[in-house]
Every structure is written in structure tokens, then in C-alpha cells.
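Asker: In order, the protein sequences belong to chains E and Z. The first sequence begins at 1 in my numbering and counts up one residue at a time. The second sequence begins at 1 in my numbering and counts up one residue at a time.
The set of hints was computed from the structure by calculation and includes no laboratory data. Since the structure is predicted, the reported quantities are computational estimates derived from the model, not experimental observations. All C-beta atoms, glycine included, are put in the ideal place defined by N, C-alpha and C. A couple of the hints might just be wrong.
[Stated by the list, open to error] Per label pair, the in silico range of CB-to-CB distance:
1. 230(Z) to 61(E): 29 to 35 Å
2. 113(Z) to 62(E): 47 to 53 Å
3. 110(Z) to 187(E): 42 to 48 Å
4. 77(E) to 36(Z): 47 to 53 Å
5. 113(Z) to 104(E): 50 to 56 Å
6. 9(E) to 8(Z): 35 to 41 Å
7. 230(Z) to 37(E): 26 to 32 Å
8. 8(Z) to 199(E): 42 to 48 Å
2 protein chains.
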Amino acid sequence: MPREITGFSNPLVKRVRSLREKKHRKQEGLFLAEGLRILTEARERGILPEMLFLATGARSHELGEALIADVEAAGGDVILTAPDILSKISGKENNQTLVGVYRDRLTRLPKLDRRKAPIWFVAQAMRDPGNLGTLMRIGDAVGAGGVILIDDCVDPFSVETVRASMGALFTQDIATARWGEFIAWLREGPGQLVGTSLNTNHDYQDPQYAPPTFLLIGNEARGLPQEYEQACDVLVKIPMMGRADSLNASVAGAVMAYEVLNQLRRS
Amino acid sequence: MPREITGFSNPLVKRVRSLREKKHRKQEGLFLAEGLRILTEARERGILPEMLFLATGARSHELGEALIADVEAAGGDVILTAPDILSKISGKENNQTLVGVYRDRLTRLPKLDRRKAPIWFVAQAMRDPGNLGTLMRIGDAVGAGGVILIDDCVDPFSVETVRASMGALFTQDIATARWGEFIAWLREGPGQLVGTSLNTNHDYQDPQYAPPTFLLIGNEARGLPQEYEQACDVLVKIPMMGRADSLNASVAGAVMAYEVLNQLRRS
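Excised from the complex, chain E in its bound form (with noise of 0.2 Å):
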């Protein structure tokens, strides 16, 4: 039966809406997820949370109902509480009824079986919380194992990143290294790895690309360091008519991808 919370000065809710800073979400290994649709999605994968919060007074779903009953049924906690209080802790104007507390999804690199898929994003000092959720929805949809964060990212589970991938972190292994790390790992086993730059003239649809491919996507404002570049398999270039620089870090990995992808399929 779930429990009902009413103040906002109540120390869980305060706790949860701790999870909105970085600083407690590594504290904790907990993060926020919001709505029936991203808390579904994760539900088909066999991910729930450890706290459900539901609106008091919110039209009852199907899909909500069953998410409540495997919850509780796996021993999480459910807590009903007031629209506002909700929307406090997820810090959303508009009013969500259902928030989730879930357990981070860092996978160690070590532990990343690289053979499971033919496509993995490399995102390298990605800043912008919208353009990662977008890559792990590109992520999803060409089938991609993960995305691996070097540098200085964004949080992959702040509330905005989580929000902007519509569900898809739940479909997406995470991995976290540094450069060093991340390099010494590939070249232990198969893996290619491909870097899109304004430094060659190397057309991105040339290449025959072979699994599994490392999409390496540098930072939004600079691109990738020359170093990075160097250690590239493969440096191609998206053919751009306008400005050089027009396509945003997310829209070149969606292209690069979808090139990656249609080479399978074609195989």
C-alpha cells in the first residue's frame, strides 16, 4: 500500500529533491526520472525504482497501476504526495504525477561487452544536457550499445539530461572514462573507432565502416582536441553547403549513425 506525504518540509522529500544537484546524486547513486512514458520505458527493460512518488488525485493508468504493483512488489517504496510538492521535486512547471528514484546506471568500462552492439557513441566534453538525452534517443533508434562520457560531460542523469532522452538512458549502457582509459580499453579488443572533423576531406559516406564502430562526437563549441583526432581509425567529414560548422553535435552523431547503420543493412 503506498504512503502518503504531505508537507514539503518532510525529510524524503527533501532528500529527493536533493537529487536535482549533481553533488547528491553521486552521493546517494540515485538520480530522478520523470513520467509515465520514461518510467514505462524503463519498466519494459526490467528497470524500476527504488521510490515511486505519485500525485494524490491523478487519473488513474493502466500502465501506472502495473508500474505501482511491480514496485511494490520488488520491496520499493511507494509515496503518494501532492501535485506541488511534486513538481517541487522535479523542478517542472507543469505538474508531473509520476516521479522515480532510480539507482545510477554507470556501467564500468571493463564491464561494457563492446560485442553487443554494432554502434557506440563516444561523447567527448559534451555540455549541453538536451544534445546527450538526444544522442542516447539516437542511441536507441540505430540500435547503439551505449554512449561512453570523456572529459568534463554533462551529468547523464541530471533531471535534464534524463528528460531530453525521453526514456532512452534506460535502453543505453553508460560508461565514464578518461581519455587514457578509454583508449588503453579499445585497443584491447575489436573496434573501430571514427572521428568527424572539419580537418579532413574525407567524405563520411567513403569509409566502409566495420562493427563495432565508436562514433567519437566532440565538444559542441570546440570539436575534438587534435590529439583525439590523431587516434582515430577513420577521420571523415559531413558534408556541410552552408557554414562549416552548421550541424549541432547531436545531428552529426544521428547522421554518422544512420550512415553506420544503412552500411549494415545494406550487408
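With chain E's structure known, arrange chain Z on it following the hints.
Answerer: Okay, now just chain Z, sitting in the frame of chain E:
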């Protein structure tokens, strides 16, 4: 010579600040763009602001000086003001050192020269300024002519859209039209209307696209209305390995547009 304005309550500051609202943009036929990069992008296309606001004490920049000279030569108004007033105008937290007030760039449909570019975007009820701005950037990248907005789209001249377009707004024609009006205009001349849909098994790489190709992108949440799908010359599906709807609207637009561009490059 620039003149200086020092008070928040100055009528011109108030008036320009009001351009953050759609109602006032429409009344005045003006919109705001911020930052050296975007304003320079416009200048390179021969588009100058009617008013140019500069932050007092900002570091001088060659491109900024060139912009000031051009605006003054064209009889525009160059105004020095405090950085915090400028932030107030643009509504952005981090200070901008340049804000331009531009004449709106809406083109009437009959004035669009469809033959000037092989690709055009047609956005239907696109609600997110980030998506519309990104679509403009993609348009710039693939050499598209512009974007035609159908139904209740987000304002292409909102501060958020202009910002997300990173200046691509100045490289793309922008028209608004009702659906019936658009179809009537389209059928008066050459033009292939291509829709992406989840309701077909026709792979997006199968058709031979024929320029000018009009890529119809449906609303973020609902996709295209059935009637609109039926009006398309070609209805295709982008393969998705995960959930059926995992690509967002602008990313789907990028995948489609690069397929059309790649076919053109091969032929």
C-alpha cells in the same frame, strides 16, 4: 557615433525588451538576435539590424567594429548601454555584448523561389523552439532553401528559436501558410512532397528523390495528421531499431535531408 542609454526605464529599452513577446514582435514586425556570432552571420548575408545595442566597456572586436560601421552607414541606430540592461533585453543570464533588432524575415509563399534550392523543410505544428532552430541549422548544412511553417508552429522569430538557429535563421527563407494554401501553391509548380511516418514500411533509402524535395516534418508528439500523409507524393519510414518513435523531429529531418543530399551528390 553611438548614443548612450543608461536607464532601465528608458522607453526604447522597454520597447526593445517587449520584443521578447510574440505579440509585440508581430505588432512591430521586428525581432531580436544576440551575440557576435549570430549578428556577424546576418551581416555576411547582407542583413543588418535596424538597431544595434552594445554593452559599454565590452572588449572591442574587429567583427563587432565592422558591424557597427555597417549599421551606421546604413542609417541604423547604434546604442551603447550597460551590460545588465542588455541582459534584461535578451532575458539571458550571461551577459551578451551585442543585441540586434531586425526587421522580420517572413516571406509570403508566392514569393518563395522553389527552384533556388533542392531541399525545403515543411514543419507542421512544430512546438519546440530548439527543434525549429536546429532544423534551420540543418537546412543551412544541406543547402536547403528554407522552412515553411504549417499549422500552429512556434514563432520562428522568438529569442529561443533565433538562439537555437545559431544564425542559420538568416540563411533560410521562412514562410508560414495554412495547409490548404501550401498544397495549392506546391501543386502549381515542380516539387515532391515527402513525409516521414510510422504508418508505412517504405524505407527512406528506397525512393529516388526529385528536387525540389519538400520534407514534411510532423509535430513532435503526434506526428503528421493522416490527411497530410495522404497528400504526400512519397511516404517513407526511417528504420528504428529501438522504440518506433525514438528520433526527435529535427533529428529525423536531418536523417531525411542527408539522404536527399547524398542522392544529389551521387547523381
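Asker: With reference to the structure, classify each hint as holding or not holding.
Answerer: Status of the hints after comparison with the structure:
1. Judged by the Cβ atoms, the range 29 to 35 Å given for residue 230(Z) and residue 61(E) holds: they are separated by roughly 32 Å.
2. Evaluation of the 47 to 53 Å hint for residue 113(Z) and residue 62(E) yields a pass: the beta carbon distance comes to about 52 Å.
3. Between residue 110(Z) and residue 187(E) the CB atoms are about 60 Å apart, so this pair departs from the stated range of 42 to 48 Å.
4. A beta carbon spacing of about 51 Å between residue 77(E) and residue 36(Z) agrees with the range 47 to 53 Å that was offered as a hint.
5. With their beta carbons about 53 Å apart, residue 113(Z) and residue 104(E) fall inside the hinted range of 50 to 56 Å.
6. At about 37 Å, the CB distance of residue 9(E) to residue 8(Z) agrees with the hint of 35 to 41 Å.
7. Between residue 230(Z) and residue 37(E) the C-beta distance comes to about 28 Å, which sits within the given range of 26 to 32 Å.
8. Hint check: residue 8(Z) to residue 199(E), Cβ distance near 46 Å, so the stated range 42 to 48 Å holds.
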